[in-house]
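What follows is the residue order along each chain.
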Amino acid sequence: MTASSREYILGKLRAAQRPFPDAPPRPSSYLTVTVQQDETPEALLARFRTEMTNLKGESFVVEDDEAARDQVMALLESHQTRRILAWDFAHIPVAGLEAAIKAAGIEIIPPETHDEFRAETLAAAEGAQVGLTGADAAAATTGTLCFTTGPGRGRIPTILPPVHLAVIRQSQIVPRLEAWVAGLRAEGLDAIRRRANFCFITGPSRTGDIEMELILGVHGPGQVQVIIKRG
Amino acid sequence: MDLKANQFDHSAVIALEDIQLRKAVGHATNLADSRRRAMMAELPQAQALRQQGRGAKLRALHDLPELLEKMERSVTAAGGHVLWAVDAAEANRHIIDICKRHNLKRGIKSKSMATEEIAMLDALAAEGIEMLESDLGEYIVQVADDHPSHIVMPVMHMSKGQVRDLFIDKLAMPYTDDAGEMTAFIRRHLRQKYIEADFGMSGGNFMIAETGTVVIVTNEGNGRLSTSIPRVHIAVVGIEKIVPTWEDFATLIQLLPRSGTGQRLTVYVNGFTGPARPGEPDGPEEFYLVLVDNGRSDIYAGEYAEALACIRCGACQNVCPVYKQVGGHAYGWVYGGPIGSIVTPLLNGIENAAPLPFASSLCGACKQACPVDIDIPDMLLRLRHDLQSVQDPFWQVSMKAYGFAFSSPLLFELGGKAASLASRAAATLLGGEPGEDLSAEDLNLPYPLGGWTQNRDFPPFAERSFHDWWRDNREGRIS
Ligand code: SF4
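Sequence order for the protein chains is V and D.
Under our numbering, read the first sequence as residues 1302 to 1532, first letter to last.
Under our numbering, read the second sequence as residues 2 to 480, first letter to last.
Think of the hints as simulated: they come from the structure by calculation, not from any bench.
Bear in mind that the values here come from a model prediction, so they are computed numbers and not experimental data.
Treat each hint with caution, since some may be false.
Simulated coverage check for chain D against chain V, where a stretch passes if three residues somewhere in it have a Cβ under 8 Å from a Cβ of chain V [stated by the list, open to error]:
hint, stretch
1, 179 to 191
2, 360 to 371
Only pairs whose alpha carbons sit at most 27 Å apart, straight line, appear in this in silico DSSO-like list of lysine-lysine [to be verified]:
hint, chain 1, residue 1, chain 2, residue 2
3, D, K71, V, K1313
4, D, K101, D, K24
5, D, K171, D, K161
6, D, K171, D, K194
7, D, K161, V, K1357
8, D, K106, D, K161
C-beta: ideal position from N, C-alpha, C; glycine also.
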């Protein structure tokens, strides 16, 4: 009896004397959690890279499209990649990347799991060595990649394969999470309302469940490599 | 999970004599706490941030009914379904109904204290629905047919050797002493399960009312796999997990891992706003949110509403001198440690968890560690008073005696840095006579106990052994 349970719970809450009438009002400006004084692009890039390294992720800075393409291809080769699970290339900021990957004989699987080929797609996806994506933004002070879903931008390339390669532009690095949220707020949180999923990814998958010993790559990727294109 | 909180004193004694358990719990809590300290120390405005986080939770509680309605509207607008559960049985019924409606037989889930609280695994099993835990720690718990002993580190009570033996015994894992190889074995073992699962389940660390977003945090990525691949996602969340705005969330989502695991951010902070939208290539086609009351509205209406501000980081457990000695199982229910000693009696009836408010030395470390500054010691103290005024006259008399008994050795010893019981147990192991008067220096134990004693202060034995005291005072009085 969901309807009545709903009324019952809400009724009880409403009938109660309200707790915390003296709770502080919503701050007109919130304190940010992390500290980063210098917010110039170079400082943010440096901070992001430091955090990535501390998280046991890797980052590569490249000057232009061509260098980005070469870097991605070199990394794919280093993982002996035969198959990747990838976002639509329109959302990965490297010109000519799709052609280069195809030319290398690497199979590209889009993460489409809603059609009648779901079982085949998932079986193939499971065999992919690398997940290749862009990102919505990166937060410098925590070494975080920010994602929202949308057409061509699925979730599983970020989580299923053992390696996650993400390409971003340097201009996508914001100082901290609060800045990303402020960007959403400026657009009325529309991006969140219209999309099913957001995700912050901060370094490779890890666990400390067995005697607090740090182990990477438990269920998600054990390697996260971020290629940052200047500009 | 069966409630055994009234057996706390008995369970605590058993735990105290379990050297392995104490070693594991001591190691894990010390490490987690030092990481928390480091993470908070790097924030110049740490205290102000705690108050900012606290303010967010208190505002949320003040406006709880309105925010829940807003959450419901937002989730529904996003194409999801919201179900309300007064108690555990109703929550499980909702979940089973969803399974029947979509013909779901095999599920995979990420860690959730709420599903632990409603004993969902048993309820699903009774309907023939398979449900696999995917968090490594929770999976170990499931394979061992055990219960989590800590809010964020479910198997902190186990040693690597115990995990290894369990995997060899139950899963035919090839012998290894390497935690990395054990983890890799489980990764392979669970891989196919994500793909085969009909539905994924999660709890929720936060619900952001203004957009209808349920947020979970995982480090392993199991939560993201369980909620990205299967066609149906069911999130089971306590009604108190709500926050009004994204800015409030942005503060709390950073305080949680700093306090809990000593990270700046949990690896995967994953938020769900309804099912996959048209054009999105993956993600669930159906999204259900089960809002669980199960006693929370009673807490809300009472004197202890502050307990609902808890964000379940586990920091209070890691600093609690009692928890550090006995681990989580002794508390006899889902939530152990300081916050458990409040929530367990409040959710189950104080008479069913009478020892817990006394399982504290009121040293205040929990309040100090709490990222939202919950006044745990004050609530424990008030619960002690409440116990004395429980209506039933018979109960009243016995509880007075009980309260009195608890002002005596056991809790005092537990609460200080004492561990005199442990020193006794250790000395007995070393061939000494129980009750023999050894000094602290005598107790600098050789390997393998040495590492354990090095960092701990070992006072001389209590003059009277606990067992004597127990026999004389307590045995048989409270079941
Ligand atoms: S009471 Fe505070 S310290 Fe304890 S688990 Fe809750 S939020 Fe963390």
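Hint numbers contradicted by this structure: 2, 4, 8
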